[in-house]
Amino acid sequence: MNPVFRCAALSVAKHDYVARGVITHPRFELVVVADDTDVPEWMHERNQQFADSQEIPYVRDVEKALRDFNVQVAIVSSEAERHCDLSIRAALAGKHVIQDKPMSTRMSECDRLVAAVERAGVRFLMWNRNGLPSIQQVQRQIAAGTIGQPLSIHVDFYFAKDAGPPKGSRPPGYPPIDWYSHQIASHIDGSDGGLGRDPMGELAVEGIYPLGYIQMLTKSPVRKVFARSTAHFHQVHADNNVEDLASVTLTMEDGLIATMTIGRIGLASHPSGGDIKLHILGTAGALVINEARPDVGIYYRNQPAKEARQRRVASENDFLLADNFAHAIDTGGPTLMDAPASRAIYATFAAALESARTGDVVAVD
Amino acid sequence: MIRLAVCGIDESRVDEIARRIRGATISHVDHAVEANCDAVACFGAAAPEISFIKSTVQAGRHMLIATDVMPPLAELKSIFDQGHSRNVQIRFENPDHGLPSRRLIFDELRGSKLGRFGLIRSHRWSSAPGLRSADTFHLPAPLFRDLELILWLTEQAPSVVYSIERPAQSDDARGTIHVHLGFADGGMVLMDYADCLLPGDGYQSLSTICANGAMYADDHQNRQLAYRGGTAQATPTDEGLAPLVTLIQQFVTDLATRSPIESGLARWEQTVALAATIRQSLNRGSSVVIDSQIHSPDLALQGFVG
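Which chain is which? The protein sequence lines are A and B, in order.
Just so we're aligned: 275 in my numbering is position 275 of the first sequence, and the numbers increase by one with no gaps anywhere.
Just so we're aligned: 97 in my numbering is position 97 of the second sequence, and the numbers increase by one with no gaps anywhere.
Simulated from the structure, these hints should not be mistaken for lab results.
Fair warning: this is a prediction, and the values are worked out from it, not measured in the lab.
It cannot be assumed that every hint is accurate.
[What the hints assert, rightly or not] Looking from chain A toward chain B, a few residues come up when the C-beta cut is under 7 Å (computed):
hint, residue
1, Ser-152
2, Arg-223
3, Phe-226
4, His-232
5, Thr-249
6, Ile-257
7, Thr-259
8, Thr-261
9, Ala-268
10, Ser-269
11, Val-288
12, Ala-328
13, Thr-358
14, Gly-359
15, Val-361
16, Val-364
[To be verified] Among the chain B residues that face chain A by a calculated CB cut under 8 Å, a handful are:
hint, residue
17, His-84
18, Met-188
19, Ile-290
20, Ser-292
[Stated by the list, open to error] Pair by pair, the computed Cβ-Cβ distance ranges are:
hint, chain 1, residue 1, chain 2, residue 2, range
21, B, Leu-198, A, Gly-190, 53 to 63 Å
22, A, Gly-121, B, Ile-294, 50 to 60 Å
23, B, Ser-78, A, Pro-175, 55 to 65 Å
24, A, Tyr-300, B, Asp-171, 52 to 62 Å
25, B, Asp-172, A, Gln-303, 21 to 31 Å
26, A, Ile-298, B, Gly-229, 55 to 65 Å
27, B, Gln-58, A, Gln-149, 47 to 57 Å
28, A, Ala-305, B, Ile-50, 52 to 62 Å
Just so you know, even glycine gets a beta-carbon here, dropped at the ideal spot from N, CA and C.
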């Protein structure tokens, strides 16, 4: 019988889906929710609600919780600015870390986290979607040589979600939408992926998913980036000068080409949450993959607009990520997305944003 | 009743098309001047011989040229001038304009429902090596056609271009090319072209993301399953004769109603200028900001790529 890892949720200010995802695996047990004393009261309320739902204590002291509850794993899902800080504190306390995206809002914080994880000798996993059935299928096919050596890979990643009122809807004289307040208020419908004081565009908020696919499937580092971006759909993005639509061309090591489109393109643009596809061209074949498969179509009278018509089924993403993490702890082996890999993704979308701003091709640091 | 001769496609298909066209009698003709017709429509993979086009125009016959490969731009201009002086109507049409899927997207982009386009994303994969000539700055002909299609759909020229390519093998002319376009209003286009699939079916996809909605035309969605033991086969349900019928009917109707026929020449000029800029980006390995003075059709026609 393998040991069960005792976990602390270090803030669920953004969401609790990572913590809930981790404990789908029988080897992980949530024993405490914790956060810093001085966070705003609404964060305490969210943390308390989650702790109550799990029938575990909520402790307003991160270090005390890590110390007193015999925790082996910290699960971090705060607002973006505190991601690295909480992860570093947990790592330096000797805890393995699972963190929500984005890695941070600053490259210096990413570097600090990479160094801390290395120094502490703990395992780190950035939560991602690489365990989806379709993505696992692609990985197996590429590994089996089905399409030969990949020449190019393309990920079209559209989230059919709204983010407040449409662009152009702000009446004259009204103030711009405040990013932070908007994110706090949008928690109710789950559209607060960019929770933080610093406005974040879709590259930062969701870019980890398509870039994670590209990274896992090619195992090739990104060298150069060209990107275009715009606030095309939502007033909150336009008001805060961040993108809700972007297109990215990547030149990888050894000449492999990757491209990516990403956008929060509005609820009306797709009946089931968004068209997400991978196109992979190899020397001996090609793959066209719908990320949402397998799914089941469900349609009925008076169906709410926000309800997906095609429901994804049989996803073991949460279990597979947690299983990978347990195995990494057991063996000291790699995780599906470790700290250097997460930092590389951050560096890629940082370069993409710079490219979009300057119009130039930007080397990835 | 207009008498239209069609060349470049099988006679049996011409007969099928003829049954679907209103206002014209349709006949099949090889690439030779047909005495008994008012107009000629050219389709097929190869560009018609210039001498054939010129003699047809010389004979006072209207022309629809919708071949996969377009004659060189300089020739198009000369032919257009010749036709203009003889009151002959000529249309240089990208055959993909006739695809019902592309036409629907074109029409919806001009409607009021979807709003301004933000992103057009295309994938085109083929096993047949695309013809590369100096006229297209050595871009494969299907990609050149797709550039024209983008200009047709968006009705605007990009402001910045970035392109990269990779051969399938180190000594292979076939491979993959990616074109990334930015527009002044924030719109963007990302095109993925490859002509190195193994022999067999090709693949196309065109997604158009607009302010109030999106359109997805994807071969992936239009395949049916066949079970014959082992792994199932996915066979396409294609758009049949509809593309040819659409283009011919429109041409016939325009002639019959004496509507002004858009030659398409200006857009092909823009396409050549864009192809020159893409070649410039490929040569430099960098993005190119488009300057209308430098990246003009006239300079492109002279072979300037910077």
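So, going through the hints one by one against the coordinates:
1. Ser-152: With a closest approach of 5 Å, the Ser-152/A hint holds.
2. Arg-223: Violated: closest Cβ of chain B sits about 11 Å from Arg-223/A, beyond 7 Å.
3. Phe-226: Given a least distance of 4 Å, the restraint on Phe-226/A holds.
4. His-232: holds, 4 Å
5. Thr-249: holds, 5 Å
6. Ile-257: Holds. Min distance 5 Å.
7. Thr-259: holds, 6 Å
8. Thr-261: holds, 5 Å
9. Ala-268: Constraint on Ala-268/A satisfied, holds at 5 Å.
10. Ser-269: holds, 4 Å
11. Val-288: holds, 5 Å
12. Ala-328: The hint is violated - Ala-328/A has no Cβ within 7 Å of chain B, the shortest such distance being about 34 Å.
13. Thr-358: Interface hint status for Thr-358/A: violated (9 Å vs cutoff 7 Å).
14. Gly-359: Cβ of Gly-359/A sits 5 Å from chain B, so the hint holds.
15. Val-361: holds, 5 Å
16. Val-364: violated, 15 Å
17. His-84: It is violated, given that the least Cβ distance between His-84/B and chain A is near 39 Å, above 8 Å.
18. Met-188: Constraint on Met-188/B satisfied, holds at 4 Å.
19. Ile-290: violated, 11 Å
20. Ser-292: Hint violated; Ser-292/B Cβ to chain A Cβ min 16 Å, cut 8 Å.
21. Leu-198/B to Gly-190/A: 53 to 63 Å: At roughly 43 Å between Cβ atoms, Gly-190/A and Leu-198/B fall outside 53 to 63 Å, so the hint is violated.
22. Gly-121/A to Ile-294/B: 50 to 60 Å: holds, 57 Å
23. Ser-78/B to Pro-175/A: 55 to 65 Å: holds, 60 Å
24. Tyr-300/A to Asp-171/B: 52 to 62 Å: holds, 58 Å
25. Asp-172/B to Gln-303/A: 21 to 31 Å: Distance hint for Asp-172/B, Gln-303/A is violated at roughly 51 Å.
26. Ile-298/A to Gly-229/B: 55 to 65 Å: Violated, at about 32 Å.
27. Gln-58/B to Gln-149/A: 47 to 57 Å: With Cβ atoms ~53 Å apart, the hint holds.
28. Ala-305/A to Ile-50/B: 52 to 62 Å: holds, 56 Å
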